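These protein sequence lines map, in sequence, to chains A and B. Residue numbers for the first sequence, in this note's numbering: 1 to 257. Residue numbers for the second sequence, in this note's numbering: 1001 to 1129.
Calculated directly from the structure, the hints in this document are not laboratory data. Model, not experiment: these values are computed from the prediction. The reader is advised that the hints may include incorrect statements.
Derived list of chain B stretches under chain A, where covered just means 3 residues or more per stretch with a C-beta under 8 Å from a C-beta of chain A [what the hints assert, rightly or not]:
hint, region
1, 1046-1053
2, 1056-1067
Restraint-style ranges between C-beta atoms, simulated for each label pair [what the hints assert, rightly or not]:
hint, chain 1, residue 1, chain 2, residue 2, range
3, B, 1021, A, 255, 28 to 34 Å
4, A, 38, B, 1010, 54 to 60 Å
5, A, 120, B, 1014, 35 to 41 Å
6, A, 65, B, 1066, 56 to 62 Å
7, B, 1022, A, 218, 39 to 45 Å
8, B, 1101, A, 214, 43 to 49 Å
9, A, 219, B, 1076, 47 to 53 Å
10, A, 95, B, 1066, 16 to 22 Å
11, B, 1070, A, 91, 25 to 31 Å
12, A, 162, B, 1066, 40 to 46 Å
13, B, 1102, A, 228, 33 to 39 Å
14, B, 1076, A, 228, 42 to 48 Å
15, A, 122, B, 1106, 24 to 30 Å
Beta carbons: idealized from backbone N, C-alpha and C, even for Gly.
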Amino acid sequence: MASETEGAEAHGEGGFAIDPMHQFEVHPIGGKIEIGGLDVSFTNSSLWMVIAALAATLLMTLAMRPRSLVPGRLQSVAEIFYETVANMVRDNVGTAGRQYFPFIFTLFMFLLFGNVLSLIPGSFSFTAHIVVTFALAIVIFIFVTILGFAIHGLHFLRMFFPHGAPTWTAVILIPIELISYLSRPISHSVRLFANMTVGHVLFKVLAGFVVLMGIAGVAPFIMLVGITALELLVALLQAYVFTILACVYLNDAIHMH
Amino acid sequence: MDDPDKPSSLQDLDRRLKAVRERRQGASKPGRHAISSRGMNVGFRIAVELLAALVVGVGLGVVLDRWLGTSPWLLILGFFLGCGGALNNVMRTAKELEAARRREQAQQGKSGGAPDDRAAGPRQGEGSG
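All chains, please: the whole structure from these sequences, using the hints.
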């Protein structure tokens, strides 16, 4: 996360020593844990995932405690989240998607909190790691593929051949469609990852400029304020986009476009 | 209030809320900021779709080559198929965006808002397929 103090430290060591990628370093908290040769240490990344999950759970449970008909402020927040995701699922998947709503909602809240919490100086942005976003995307991809086969059986393979195309084109079209399909988790995960990474690197670089430029640092500082607002928008938007893509893939599996 | 012929206060409230919401929707006009950030989003989306298919095509080619020892033929084939896949992805994305734009326009025409198709929130921009 962009924090001016870290930029100052880098500057203090002499020269232009700002390391904008330092913020993404994963290190274990409280010693290394190994199980069967696998490194399963509790890292700063895991810590922030736990925080995001807890914060989301806490917000939803506390906000919905009053259960009043006319919602208070906090309850309105929770209801807005709920309604946004409910509308998203209904618009993109239809009524058949209702049973997947808990999953989609959890996904959205987790990403939303991960993205927004990463804007706190000193926090860790786990959504800026391709491992995390790709893991989420591949889980969705595998789940959706299995679901497609479970619902449609072998008929699901029709997805890889467009309707009405001459049979001989199958030689070219099926590999192309297959590659398109397999590229889904990549494009799905890269968008979130790249947006978050770019934002956080930009923070760091600009914060470095603020320190380096002394009194003239007011200019990048003002920019930093603007960028922070923009990044908040990006954080919300990318959580939304990731979730909506999950809905679109779910829809493809259920209804087979 | 308990009169069954009259709408209850809650229904009344709901109706009034809806009216306010509709009025707001027609009135709100996002600034330049929304436009530029959305354009960037579309561009980025297409770039990623383009790249992803190519990566998968070439990756599959390389892996199969190693496995079958047919280097470099499957890599070349994978590259071309990846290009096809990329094109396919971009076409699909463009179609989705076009559909979203149409839907948005129809919606705006209904509510009597501005016909500027770009000046809409990111919400409608990320349409379904």
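Find the hints from earlier in the document that the structure breaks and name them by number, from lowest to highest. When the structure is compared with the hints, numbers 10, 11, 12, 15 turn out to be violated.
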